[in-house]
Amino acid sequence: MKTTVENGKETLSPFAVGDVIVYILIATLIASLFVFCATIFKSENEGVEIFASGEKVFSCRFDDDDFTIYENERFPVVTERRGDVLLLTVYADSSKTSHNDVEINFKEKTARVTDADCSPSKDCAHTPEIRNGKGAIICVPHKIKILPTGGKLPLTTG
Amino acid sequence: MNDHFFSTKKIVSCAVLSALALVSFTIENLFPPLFIPGARIGVSNVFVLLSVVYAGAPCGLITLLTKILLGSVFSGNVSAMLYSLPSGLLSFSIEALLIKRAKNVSVVAISGLGGVCSLLIQNCVYCLILGATEYLVYAPYLAIVGFLAGLTVGFIVFLLSKTVPEKFFGAEKRPRDE
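Chains as they are written, first to last, in numbering that gives the first Met the number 0: chain U, 0 to 157; chain S, 0 to 177.
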């Protein structure tokens with residue numbers, strides 16, 4: 000690691016010749032990742048599916064403007080339709096003590112989590128919305144996954 | 000004074016840096032992530048990096064493990080340990096190796112590389128454990144955020160090395176450059 004001497008005191012250096020190689024490597028890696036993702040993640044943006052602990056509890060198709068709730072006592076789903084927007088509350092347990100609020104817009108073909116009581120940071124609520132068939136919203140504490148349909152990778156298990 | 004590997008001064012500074020890393024990690028976990036899940040500036044990594052630079056890799060490892068293990072418990076998000084531990088250990092290994100062996104690379108670049116590696120590995124572990132490869136779509140953005148966060152951390156470490164006396168960090172010798 001590069002150090003410099005200033006006023007008789009040895010301190011760390013903010014820049015060195017070798018940094019150029021590191022920055023080029025990082026830029027190449029990031030560019031490769033963009034190309035990889037653009038190539039692999041193609042989707043027809045058909046709709047979204049919601050899984051709770053690996054079980055499918057909800058699915059919808061944007062073009063049909065319709066949705067299906069898979070009856071499940073362990074993971075109840077409550078819906079409310081407001082025009083083009085469908086509001087769902089997905090419960091992570093049968094006693095309805097843990098939930099995630101999901102908003103699906105059939106006109107804009109997007110899905111996002113608006114609120115949850117999973118953790119103080121609420122990572123799932125801050126995840127970018129699923130749009131153009133790309134993205135995924137996962138609530139780890141509640142084991143709830145919201146995934147786009149149409150264009151699923153063969154490696155996806157649930 | 001004998002330069003023992005774990006001198007009293009080094010043990011004390013390791014403890015102080017571990018406590019600082021733990022506190023900053025716990026506070027940082029209370030805030031929402033930066034733009035995408037898992038993305039944080041990682042202010043706690045400042046203290047891990049300082050520990051490695053001035054007190055050596057073993058002390059840096061102690062600081063890192065204290066931050067991740069106790070920080071996950073204190074912040075009430077124990078499941079996060081599954082993702083933080085492998086990514087933290089791997090990026091720490093890369094940083095410690097570069098600090099010891101790369102003579103012409105600055106701490107800012109090392110930290111930037113560590114930030115990229117940390118978030119990318121975290122993303123991969125996330126996908127493996129949850130079986131949802133769709134999450135890989137965030138990999139390029141996480142890499143950018145990790146790089147910028149790593150640069151910030153490295154620059155903070157550089158500023159601290161200029162302003163804070165090195166004896167505070169338990170340095171028996173000058174910052175390691177062998």
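Be aware that one or more of the hints could be misleading.
Claimed, not checked - Capping the alpha-carbon separation at 20 Å, the derived lysine to any residue pairs in SDA-like fashion look like this:
#1 Lys99/S - Lys55/U
#2 Lys133/U - Leu147/S
#3 Lys55/U - Gly130/S
#4 Lys142/U - Ser23/S
#5 Lys102/S - Val19/U
#6 Lys55/U - Ile39/U
#7 Lys133/U - Ser23/S
#8 Lys102/S - Lys55/U
#9 Lys121/U - Arg39/S
#10 Lys102/S - Leu24/U
#11 Lys99/S - Lys108/U
#12 Lys121/U - Lys102/S
#13 Lys142/U - Val15/S
#14 Lys108/U - Val139/U
#15 Lys95/U - Val139/U
#16 Lys121/U - Ala18/S
#17 Lys99/S - Val19/U
#18 Lys133/U - Pro139/S
#19 Lys99/S - Ala30/U
#20 Lys55/U - Leu24/U
Stated by the list, open to error - Simulated restraints, written as ranges between beta carbons of each label pair:
#21 Thr7/S - Gly53/U: 37 to 45 Å
#22 Ser31/U - Lys99/S: 41 to 49 Å
#23 Ile20/U - Thr7/S: 13 to 21 Å
#24 Asp100/U - Leu64/S: 32 to 40 Å
#25 Asp116/U - Leu68/S: 54 to 62 Å
Since the hints were made in silico from the structure, they are not lab data.
All values derive from a computational prediction rather than experimental measurement.
In this text, a Cβ means the ideal position worked out from N, Cα and C, and glycines have one as well.
Aspartate 116/U versus leucine 68/S beta-carbon gap, inside 54 to 62 Å or not: With Cβ atoms ~26 Å apart, the hint is violated.
Between lysine 55/U and leucine 24/U, does the CA-CA distance stay at or below 20 Å? Violated, at about 41 Å.
For the pair we were handed, lysine 133/U and leucine 147/S, check the Cα-Cα distance against 20 Å. Not OK: lysine 133/U and leucine 147/S at ~24 Å, beyond 20 Å, violated.
Can the restraint linking lysine 121/U and alanine 18/S be considered satisfied, given a maximum Cα separation of 20 Å? Violated, at about 26 Å.
Under the criterion that the straight-line Cα-Cα distance not exceed 20 Å, is the pair lysine 121/U, arginine 39/S satisfied? Holds, because 14 Å separates the two Cα atoms, which is no more than 20 Å.
Quick one, are lysine 102/S and valine 19/U close enough, alpha carbons at most 20 Å? Cα-Cα ~14 Å, so holds.
Holds or violated: lysine 102/S with leucine 24/U, Cα cutoff 20 Å? OK: lysine 102/S and leucine 24/U at ~18 Å, within 20 Å.
Decide if the proposed pair is consistent with the structure: lysine 99/S and alanine 30/U, CA atoms, cutoff 20 Å inclusive. 29 Å, violated
Is the Cα-Cα distance between lysine 108/U and valine 139/U 20 Å or less? At roughly 24 Å apart (the allowed maximum being 20 Å), valine 139/U and lysine 108/U break the hint.
Measure nothing beyond the straight line between the CA atoms of lysine 133/U and proline 139/S; if it is 20 Å or shorter, mark the hint as holding. Distance of about 14 Å is within 20 Å: holds.
Is lysine 99/S close enough to lysine 108/U, meaning Cα to Cα at most 20 Å? Violated, at about 51 Å.
Just tell me: holds or violated, for the beta carbon distance of aspartate 100/U and leucine 64/S against 32 to 40 Å? For leucine 64/S against aspartate 100/U, whose Cβ atoms are near 37 Å apart, the range 32 to 40 Å holds.
When the structure is compared with the earlier hints, violations turn up for hints 1, 2, 4, 6, 7, 8, 11, 12, 13, 14, 16, 19, 20, 21, 22, 23 and 25 and for no others.
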